[in-house]
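Trainee: If you want the building blocks of each chain, they are given just below.
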Amino acid sequence: MSTRRPKGAPRALTAFAVFGLWSLGAVGCGGDPNEPSVAVPGVAGAEKTAALVRAERRLFDGAPPVIPHENFGAACVSCHDQEGMAVEGVGFSPPSPHAETVGLSAISNCRQCHVFQEAAESWRGNAFAGLRQDLRRGRRLHDLAPPVLPHGVFMRENCVACHSGPAAREAIRTDHPERANCLQCHVEQTATGRFEPDGVS
Amino acid sequence: MTLDRRSFLKVLGSGAPVAALSCRDRDRADELEARGGVAAPRDGDLTWGKAPCRFCGTGCGVEVAVDGGRVVAVRGDEASPVNKGLLCVKGYHLPAFLYGEDRLTQPMRRHPDGREETISWDQALDLIAEKFQGALDRKGPEGVAVYGSGQWTVFDGYAALKWVKGGMGSNNLDPNARLCMASAVMGFVTQFQSDEPMGCYEDFEAGDDFVLWGNNMAEMHPVLFSRILENKRKNPRVRIVDLATRRTPTSDYADLYVEFRPGTDLALANGILHLLIEDGKIDRPFIEENLVFRRGIEDLDEIGYGCFGDQAERYGFKDEATESSLEEMREFLADYTPAKVAEVTGVPAAQIRALAELYGDAGRGTVSLWCMGVNQHVRGTWMNNLINDLHLLTGKIGRPGANPFSLTGQPSACGTAREVGTLSNRLPADMVVMKEEHRRKAEEIWGLPPGTINPKPGFHTMDMFRAFARGDVEAMWVQTTNPWVSLPNLHRFERKPGDGRFLVVSDIYPTPTTAVADLVLPSAAWVEREGVFGNTERRTQQWNRLADPPGEATEDAWQFIEVAKRMGMGHLFPWDGDWHEPMFEEYRSFTLGVGKDLASYQQLKSTRGLRWPVVDGKETRYRYAAGHDPYVEKTEGVHFYKAKGYGERAAVWLRPYHPPAEVPDDEYPLWLTTGRVLEHWHTGSMTRRVSQLHQAVPEAFVELNRADALEMGIQDGDRVRLRSRRGAMELVAQVDGRGQPPRGTVFVPFFDESVKINELTLDAMDNISKEPDFKKCAVRVERLA
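Chains as they are written, first to last, in this note's numbering: chain P, 1 to 201; chain L, 1001 to 1785.
Hints listed in this document are in silico derivations from the structure and should not be mistaken for laboratory results.
Beta carbons are placed, not taken as given, at the ideal position from N, Cα and C, and that holds for glycine.
There's no promise every hint is true.
Not the full set, but computed from the structure, chain P residues with beta-carbon under 10 angstroms of chain L [unchecked claim]:
id: 1; residue: LEU59
id: 2; residue: PHE60
id: 3; residue: GLY62
id: 4; residue: VAL66
id: 5; residue: GLN112
id: 6; residue: GLN117
id: 7; residue: GLU118
id: 8; residue: ARG124
id: 9; residue: ALA127
id: 10; residue: ARG132
id: 11; residue: PHE154
id: 12; residue: MET155
With these hints in hand, go ahead and build the complete structure from the sequences.
Mentor: Shown next as structure tokens:
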């Protein structure tokens, strides 16, 4: 595993960036099967899990995560490559899950979907409550059957980005990363009711 | 309170979107819900529908998830031929724009003393009918006006058109597309006598060279730019050329970056044309078979800029065509030698030659792309003409991978503003009010007596607002747009309710435009109502109502219909029950048989959009092209069958270089150019209510060149004052941000209503399209102590 220091002198961190760096470390460093958690202010007995941290970076389950660290001025793919790497002073940089996606490649424009976040005044409030991640749907036919994918493959072609290596959360880490063709056994099972056209040329 | 803390608490409070993955997570989620939290929706409970994205003109297909009448998620539609599953950050965050806490939910009347009163829809509609009828009685058809939008659905635009032109006998109907696409319209109309591009998005995979004329595509049309990048990744032959007045994220991907002085693109294009003709790199057989040559009025004093002297209140310049020839064009271009063009433009002669070689290489497909840099230009129609000329003279038109392709900024600038024809001189399907046969056809379809439609074009946007400021227009309705942020030279239009004029504004959020309205109406947005948009590549896309509008918000088209009924014009909207399909089919009848044929409503409902002309249920990828366009009977080549006035040939126009209306001088030594950023859309009234987008770019800024900043003693992050002849404002300076202007230029985005950069811009406009030039005026930067 390579270790790299981000280029460029870090500017003063915003509160958000501090929070983001902490959580990146919490999610990404791995090695702790119990997932570190913190108390949630104002909710008795509640703790914040890595899964909740994941949710906080997304408008809804399926939206691209915002960038949880400050802008180091380096190309995104210099740290978020196919394997990911530990970045000194920051945490583990997860690999890119977008291996095969049309239009997404080493020369593509990451920030057309992933944006940095700054503290902002003049906010007027928003009551949107989005789709949450859910694994209550049947995940496998029987105890020995391979689990189906609870999400689409599009934009997530590089399975090991999230399911293997230090960035993978314990709960979804595979014990057989060497078997490269994941989709041979794990099939996509997304929502029913997709719009089906008839005869689009 | 900052957003951080607020959204943080929201996430942690009841209804928190807890991501449940591990057993422990699931237990925790159950526990939180059991304590009274509201259960967030889960995928299995959802209804999914299709819609085009609400934002730009690309028309990305999205699948929309709805739960309990509310949108809870979207995903890029992998089966959409437009975006193939990809969206940009605005598209991925679409659902939240509907749920800002300050959504307008009830009609609100603002009294002259500033008092705001919630009123019923009946009261609101009666009031509008009374005010518009009063204005008609006192001032005639010029006394009323409707200012609409390229974000109108086809239904909204068609209802407005029918009410204004078929009901009130007025032509004072114009859309914000006048600020956006009008120059592209006039480019296509003057050359092909039919609006809209001949090519389609498949050019992004088929082309070899992509020449971007003043077009920051990586930020403004990111999904389409991704298609070019993917082509480039797979095919090393692909080249991207960025012709610009400022370095942008697009420039980072360009094989060749060509920087020209603001407004000198006219000279640059003429310089390329000069070399093409001199070097014999033009397609003579194509020219002889398919083209004619035309020349217009070129006298600068006669044309002016639409904002000085007696043009400052009304600008009615009309171009006149005379016949010309290739030989005359050669003589006309003799002045545009590489050396002279280099002097005017600042582009090295070697780069001008490289561009000529690129356009002149018959073995490579060339796609020219442009948007606001070319259109918001005091000679925008001319610039459109010159780009089209490059393709016409080289025969690089009407085939896959070789086309001039104008990009649009609004989701239905094409489908509604241009195709329905909600412009002051237009009727549906390329028709105009000035032509008797066109008026007759409309009157016949609408069942109106001959002579109902007014033959005199109404006010174009700039003259409409000038007339409203003078009081010549007494009653005005603004829908789905935010002119008190987006018009140039904004101070001209300042107003207070109760000044004797009547302004009604329909929108979904409070904006600086609703703030000056006498009556504010709450509209349903996007999938809260049924709709049809038409995108940049002639694709018409339909969606059903999928979610509930908030409070009493209603569909824009319904608002027009109800007022028309109250003015005794109910006969224009004779349909009982759900009028969407019959209204669309009536509109569609304008388009059939004239090369603008739209698909049937039923076909649109069951597909992911189709590109017109749609004949026998089949769409057309390449207009005018043999083997593609059903109207072309030739077996090869092209046929410009819509250009009856040119003998069914396309017209090449000779257009000279004219300088911009205002250029920097000692007092105001810098160019100001304005535009967008990727994360925000237009005036930000929607995207600034989505936390992820708002936090990505919270406020407007002024981009400075590093050398200029050093010289002025300004550092990145300093507050500075920007001043033009029309106003001044304070902004944060940005040095070496995502955009880097050259020395002598500053850039400010216009999305932030708290710093309205259009208070500084000039209302100079294109001589033919009457589209304002937001890209060029003179300013100075003042350091704050």
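Trainee: Does each hint fit the structure? Answer for all of them.
Mentor: Here's how the hints hold up against the structure:
{"no.": "1", "hint": "LEU59", "result": "5 angstroms, holds"}
{"no.": "2", "hint": "PHE60", "result": "5 angstroms, holds"}
{"no.": "3", "hint": "GLY62", "result": "5 angstroms, holds"}
{"no.": "4", "hint": "VAL66", "result": "5 angstroms, holds"}
{"no.": "5", "hint": "GLN112", "result": "4 angstroms, holds"}
{"no.": "6", "hint": "GLN117", "result": "4 angstroms, holds"}
{"no.": "7", "hint": "GLU118", "result": "6 angstroms, holds"}
{"no.": "8", "hint": "ARG124", "result": "5 angstroms, holds"}
{"no.": "9", "hint": "ALA127", "result": "5 angstroms, holds"}
{"no.": "10", "hint": "ARG132", "result": "4 angstroms, holds"}
{"no.": "11", "hint": "PHE154", "result": "5 angstroms, holds"}
{"no.": "12", "hint": "MET155", "result": "7 angstroms, holds"}
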